[in-house]
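Visitor: Following the hints, put chains B and C in place on chain A, whose structure we already have.
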Amino acid sequence: MSNQLHQTVVETDVDNDFEKQINVSCLEYLLMELGPLALRITDKLEKYSSSSTRESNGSGNGNDNKQVDDFHYGGVELFQNESLVSNEINNQMLDNFGFQIGKILIEQLIFLKNDGISTKMDEILDIMKIIARDVWKMIYQKQIDNLRTNHRGTFVLIDNSHRLISSMYGPDKHRISGLYLNFSCGVIKGVLNQSAFKANVEADLKSDGSVHYTIVVI
Amino acid sequence: MSSKSYKSLSDDIWKNRVDKINSEVFTLTYGSIVAQLCRDFTYAEVNTQLEKMGYNIGLRLVEEFFAKTGLGRCTSFKDTSEVISKIGFKMFLNITPTVTNWSGDGKQFSLILDDNPLTDFVELPEDNNAANELWYSNVLCGVLRGCLEMVQLDCDVYFVSDVLRGDPITEMRLKLNKFLKDEVPAGEE
Amino acid sequence: MSYYLAVIGTMDNPIYELEFGTFKQQNNGKSLLNQKQLELIPFIINSSLDLIEDLQWKFNKNYFKNYDNFNNNFYKLSCYLTFGNMKLILLHQLDDNLKNDDNIKQFLFEINELYVKTMLNPFYNVNEKIKSEAFDLKVKAVARKYL
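Chains as they are written, first to last, in our numbering: chain A, 9 to 226; chain B, 10 to 198; chain C, 15 to 161.
In case anyone wonders, no lab produced these hints; they're calculated from the structure.
Mixed in with the good hints, there may be bad ones.
Distance condition first, Cα-Cα at most 30 Å in a straight line; then the derived DSSO-like pairs of lysine-lysine [as the list claims (entries may be wrong)]:
| hint | chain 1 | residue 1 | chain 2 | residue 2 |
| --- | --- | --- | --- | --- |
| 1 | A | LYS137 | C | LYS72 |
| 2 | A | LYS150 | A | LYS214 |
| 3 | B | LYS29 | A | LYS145 |
| 4 | C | LYS119 | A | LYS121 |
| 5 | C | LYS159 | A | LYS28 |
| 6 | A | LYS137 | C | LYS75 |
| 7 | A | LYS121 | B | LYS29 |
| 8 | A | LYS28 | B | LYS16 |
| 9 | A | LYS150 | B | LYS29 |
| 10 | C | LYS119 | C | LYS72 |
| 11 | B | LYS24 | A | LYS121 |
| 12 | C | LYS50 | C | LYS143 |
| 13 | A | LYS28 | B | LYS77 |
| 14 | A | LYS206 | C | LYS75 |
| 15 | A | LYS121 | C | LYS154 |
| 16 | B | LYS116 | B | LYS77 |
| 17 | A | LYS206 | C | LYS72 |
| 18 | A | LYS121 | C | LYS159 |
| 19 | A | LYS28 | C | LYS143 |
| 20 | C | LYS145 | A | LYS121 |
Treat the numbers as computed from the prediction; the structure is a model and nothing was measured.
The following block holds chain A by itself, in its conformation from the complex:
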């Protein structure tokens, strides 16, 4: 077994691993699917906890038994389950996904940019620029359209059209897009956390379709 391991270690070409390419739609589909996935997970977790409380209380949770597992095309009906979507846990979950990704992405970006000879980034403005340019480009294939700061710890990032949300339409748009905005906020938080800054991040979907991220550094 260790011989096999050694062989794989020797064979992997270090540089190529960072240059593989795939179709951009793969990433888009995956990000879009994060929403329903979070809903499914929350629903399952609630079922597990409610079934254990049911055993102890003897009472039923009638309404929540809408079968999420009844699988329909595209799983869009999940979004119509009002109580499910507004559940705080979903927001947390998507925030967490973004957080993990942000943490690792920033480390990667710094590494790749400087080839190991990294300069220490002490300025929050530098980090914000990296978020606006590189991080957004990697995840959403476009940069943040506007970056404003009051130079006293508050930043506003403006994205004129959030790729995942801009193609949504319908009455539920606002509610569901809120889910995906949590993901973006999570990414920002993750990047800042790894760069040793604490911040509050909030996202606002404006009526003209643009998204404003307000970041207040603590």
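Guide: Just chains B and C now, kept in the frame of chain A:
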């Protein structure tokens, strides 16, 4: 269409008609998803969730596939296997798995993936039963199942072996169950 | 000529440790440290962490060559500070060969690359111990290359 022309078509599509990005963010995102799932559920449940996720993706993906390739119906299941391995995988993940292990009745075959962008830099946790129970790339099974269902093929898609688990190769098996007929809603004729 | 590599996390917790000897001049990489010396080493490294913290805010760089020594230069320590505040510390014995300094720098850079790759593993949580055998083998391979 011959095998060679599939290859040239897929190369052409990959070069000219596909927007490409680096695979890291994708690998990263998928990895976070799997890791999060593993924290909350058992490995068996994780496999199911990944497959469901893939199914949803597959239903949408197939539209893009037909839009970009402009291919018509496949003439046989064998043809389908060629299209999947040479064009489908190439167009989205830039890999070309090998088609092997046809069953006697021509209804089952295997795809051997020698490169999988989902698993770059991934090592399964050494504790628990990850190596025995988790199919890390199970989303691919869902995607294939979703795509095939949209073209009226009811298939089972599952992993047989995975390099992440310590097996020598990564092998997926596709089994054709039946052709799906379009159902006319009751009352309409 | 022996080396001791330690990866220390953000909370001063050890994440990975490896002792090895030089691979140059046909040495087989076995470290020549005896038991007594070995016991001291974690303490030496730990006590030097304060020094790194001072230096990192004074100077805006992330590679510190020979920032500390013990026992009158018998042991020297070099450190590479990653972006996420992980410290890759190499303890090495006094060596007349000045060219070694360059090698140490390259060695730590490559270990940083390996560390970044470990971070890409979704099942690895930051600040966790690195238990992967593959990482261990790769570190040894890098050591063979440079030291």
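Visitor: Look at each hint and say if it fits the structure.
Guide: So, going through the hints one by one against the coordinates:
no.: 1; hint: A:LYS137 / C:LYS72; in the structure: 24 Å, holds
no.: 2; hint: A:LYS150 / A:LYS214; in the structure: 19 Å, holds
no.: 3; hint: B:LYS29 / A:LYS145; in the structure: 12 Å, holds
no.: 4; hint: C:LYS119 / A:LYS121; in the structure: 18 Å, holds
no.: 5; hint: C:LYS159 / A:LYS28; in the structure: 26 Å, holds
no.: 6; hint: A:LYS137 / C:LYS75; in the structure: 20 Å, holds
no.: 7; hint: A:LYS121 / B:LYS29; in the structure: 20 Å, holds
no.: 8; hint: A:LYS28 / B:LYS16; in the structure: 20 Å, holds
no.: 9; hint: A:LYS150 / B:LYS29; in the structure: 13 Å, holds
no.: 10; hint: C:LYS119 / C:LYS72; in the structure: 20 Å, holds
no.: 11; hint: B:LYS24 / A:LYS121; in the structure: 26 Å, holds
no.: 12; hint: C:LYS50 / C:LYS143; in the structure: 25 Å, holds
no.: 13; hint: A:LYS28 / B:LYS77; in the structure: 22 Å, holds
no.: 14; hint: A:LYS206 / C:LYS75; in the structure: 22 Å, holds
no.: 15; hint: A:LYS121 / C:LYS154; in the structure: 26 Å, holds
no.: 16; hint: B:LYS116 / B:LYS77; in the structure: 27 Å, holds
no.: 17; hint: A:LYS206 / C:LYS72; in the structure: 22 Å, holds
no.: 18; hint: A:LYS121 / C:LYS159; in the structure: 24 Å, holds
no.: 19; hint: A:LYS28 / C:LYS143; in the structure: 29 Å, holds
no.: 20; hint: C:LYS145 / A:LYS121; in the structure: 28 Å, holds
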